[in-house]
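With the hints as constraints, model all of the structure from the sequences given.
Note that the protein sequences, when read in sequence, are chains A and B.
Residue numbers for the first sequence follow my numbering, beginning at 1 and rising by one.
Residue numbers for the second sequence follow my numbering, beginning at 360 and rising by one.
Don't read these hints as lab results, they were simulated from the structure.
Be a bit skeptical, because a hint or two may be false.
The calculated label-pair distances, taken between Cβ atoms and stated as ranges, are [stated by the list, open to error]:
| hint | chain 1 | residue 1 | chain 2 | residue 2 | range |
| --- | --- | --- | --- | --- | --- |
| 1 | B | Lys495 | A | Ile111 | 55 to 61 angstroms |
| 2 | A | Glu179 | B | Val416 | 57 to 63 angstroms |
| 3 | B | Ile717 | A | Ala79 | 37 to 43 angstroms |
Some chain B residues well away from chain A (every beta-carbon gap over 10 angstroms; in silico) [said to hold, decoys possible]:
| hint | residue |
| --- | --- |
| 4 | Lys381 |
| 5 | Ser420 |
| 6 | Lys425 |
| 7 | Glu445 |
| 8 | Ser449 |
| 9 | Ile470 |
| 10 | Glu474 |
| 11 | Thr510 |
| 12 | Glu538 |
| 13 | Asp545 |
| 14 | Arg558 |
| 15 | Thr641 |
| 16 | Ser654 |
| 17 | Arg669 |
Note that this is a predicted model, so its numbers are computed, not measured.
A virtual CB, placed ideally from N, CA and C, is assigned to each residue, including glycine.
Each chain, letter by letter, is given below.
Protein chains: 2
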Amino acid sequence: MQKEVNKEVLSKLVELGKEIYKQIERGEFPKIKIPIRSTSNIIFDRTLNQLILGPEVSERSAGNIKQIRSLAQFLWVAAFAKKLIEEGKSSTLRDLFYHSLNYEIRFRKQIESNETVADLEAYLGVPRESFNIFPKERASIFGDITIEYTTPETHKGVRVNLSSNPDGVMIGLSVAHSEFISCNADKVFVIEKNAIFRRFIEERVHVKFNAILIDTAGQAPRMARLLIRRLNEELGLPVYILTDADPWGMHIAMVIIKGSANAAHLRELTTPKAKWIGLWATDIRRFNLPSFPLSKLDEERIKKLEEDPRYRDFEWQCELQEFKKIKRRAELESFSAYGLNAIVEKYLPKKLKIIEEIS
Amino acid sequence: MQKEVNKEVLSKLVELGKEIYKQIERGEFPKIKIPIRSTSNIIFDRTLNQLILGPEVSERSAGNIKQIRSLAQFLWVAAFAKKLIEEGKSSTLRDLFYHSLNYEIRFRKQIESNETVADLEAYLGVPRESFNIFPKERASIFGDITIEYTTPETHKGVRVNLSSNPDGVMIGLSVAHSEFISCNADKVFVIEKNAIFRRFIEERVHVKFNAILIDTAGQAPRMARLLIRRLNEELGLPVYILTDADPWGMHIAMVIIKGSANAAHLRELTTPKAKWIGLWATDIRRFNLPSFPLSKLDEERIKKLEEDPRYRDFEWQCELQEFKKIKRRAELESFSAYGLNAIVEKYLPKKLKIIEEIS
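Structure representation (structure tokens):
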């Protein structure tokens with residue numbers, strides 16, 4: 001799968017190169033048009049139900065002295081991406097920055113090279129993973145699903161069942177791009193923290209609820225988001241997200257469902273049908289959970305989320321209002337006050353029922 | 360293995376309970392003696408070459424009104440540990456704190472319950488993993504070693520080769536406590552960050568250098584440290600640690616080798632024979648690496664490390680002095696300035712040779 005993606009991106013990059021050459025041969029200053037990624041051009045698409053870029057583009061021309069530098073940087077990053085794909089290598093944003101130090105075009109700081117990579121993403125309309133620039137991995141998976149690796153070459157065709165390691169398997173490029181061979185689970189639980197992921201394995205949630213378990217370790221990394229989307233779209237598995245009851249947890253769920261502003265130029269990482277099943281702000285009272293006062297930072301964050309178009313839906317607004325009313329937050333672990341397996345025995349069944357009733 | 364450890368701890372806990380009962384039956388105020396864990400009682404053992412606790416103990420007696428509270432908390436934590444082992448459940452420090460909210464003995468904050476758990480570790484002389492309280496996991500492993508799970512029950516006897524998933528396998532309780540069945544590698548590379556771990560897999564370091572690769576994702580979690588020690592001691596594999604060239608990276612290596620002050624009451628997590636092979640401060644000049652100025656925080660940290668008894672060895676002091684002289688730090692990724700595979704093709708062979716020569 002990564003290979004097919006690579007191939008498509010490679011042909012786009014070759015196209016870009018040819019276009020630049022043609023312009024030069026015609027005696028023109030080479031120029032390109034890149035979608036603008038600033039807030040002014042980020043809009044919430046009600047049909048897609050996610051943040052996307054608007055129609056605005058900016059031009060970078062070698063004919064404009066102010067734009068030569070950024071055009072050259074953009075073309076260097078494009079050339080680097082082409083080289084990565086051709087050589088079958090991968091890289092990180094940090095690697096790319098260091099690698100650039102060896103060339104004439106120097107980025108002032110890594111933030112500049114990161115921005116240029118995002119420009120290339122916007123130009124090509126694909127995430128940087130498609131041209132082999134990967135973020136660090138933290139997420140892991142456990143469940144009765146058999147996959148077949150399509151990458152790297154050494155593992156191509158190898159099949160593995162993702163319940164083989166009780167500590168979980170890392171979700172990297174290879175897992176995220178594998179082919180799904182067979183799956184005995186009928187749902188996915190996405191959990192924001194390792195402690196609850198482990199509790200779920202220990203309490204055999206994968207068997208009791210016939211579920212695949214994913215630990216995002218905080219904000220879901222992009223490979224994890226891609227895998228969640230594929231489990232939902234390709235296998236039709238419903239996805240349920242569990243987070244702490246605070247504005248940060250809520251937003252972990254939101255980014256999985258409707259995408260992040262940082263990735264508004266990308267559309268293939270969201271899972272619009274995924275459901276946030278808790279902890280809701282209203283769960284604190286519903287289950288009489290031990291809770292803590294919101295910090296000032298929490299309260300500011302809630303105000304921001306209130307104005308965020310992704311949060312316009314009634315249920316999300318209700319939860320934000322509840323946070324403002326009770327001024328408290330609670331963690332997934334708080335269920336331990338009622339016994340270590342309370343979250344599995346009491347919470348999960350009840351919450352799945354509530355979700356079924358309201359949807 | 361976890362089971363045997365559990366059994367031993369369980370009998371110590373039962374012993375503790377009996378002792379308390381006996382004292383009460385004799386009409387005495389029950390009391391216990393706990394090794395003191397404060398700096399005044401942490402000493403550097405030159406034979407063991409690691410930090411250990413000195414001989415000082417403190418008494419907690421129900422006969423002293425100031426000590427009743429902490430004695431009761433200690434006994435509650437011991438009872439909780441016993442329950443965890445008996446029921447075959449696991450927990451986290453956070454879980455334990457929440458669980459305590461349901462009982463009469465309330466901890467003021469989690470820091471108080473964490474401290475009590477450390478007291479129980481010191482009392483029993485075992486890490487909290489031995490009574491099923493686990494920290495969050497971040498580390499992962501990749502390499503040609505076949506293990507057989509001894510825990511949990513569902514996976515007992517299952518064998519898996521740790522090169523089966525090219526994204527790596529999480530190092531949790533099950534992996535760290537597994538039996539080693541067969542191993543074709545002859546060394547271990549421990550790497551402090553995921554980007555370089557992935558680069559190593561991609562460049563097939565596991566084949567070229569016949570090595571097992573471990574990603575600690577920053578400071579090595581305790582299960583990773585246990586596994587590293589076991590690979591070194593049980594299989595006799597030399598361990599080489601790679602970190603950034605800064606005082607924080609250095610200390611990641613040091614904690615793996617000689618242990619942390621937080622765990623001075625434990626001795627089974629260190630790998631005294633492991634070698635820090637870089638990036639050294641002297642590597643910045645040796646390999647002409649792109650580098651950055653040290654921050655004020657870096658400089659303060661270096662001063663602290665200079666006085667740390669773990670750093671008294673000549674080589675470590677030299678590196679600290681070099682940092683002070685050049686006032687710069689460098690990252691593992693900085694090799695990318697010389698090509699993405701420079702760290703594997705140029706750095707690793709040279710560094711292994713240097714290490715061989717000086718040891």
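_Under the constraints set out in the numbered hints, which ones does this structure not fulfil?_
1, 8, 11, 14
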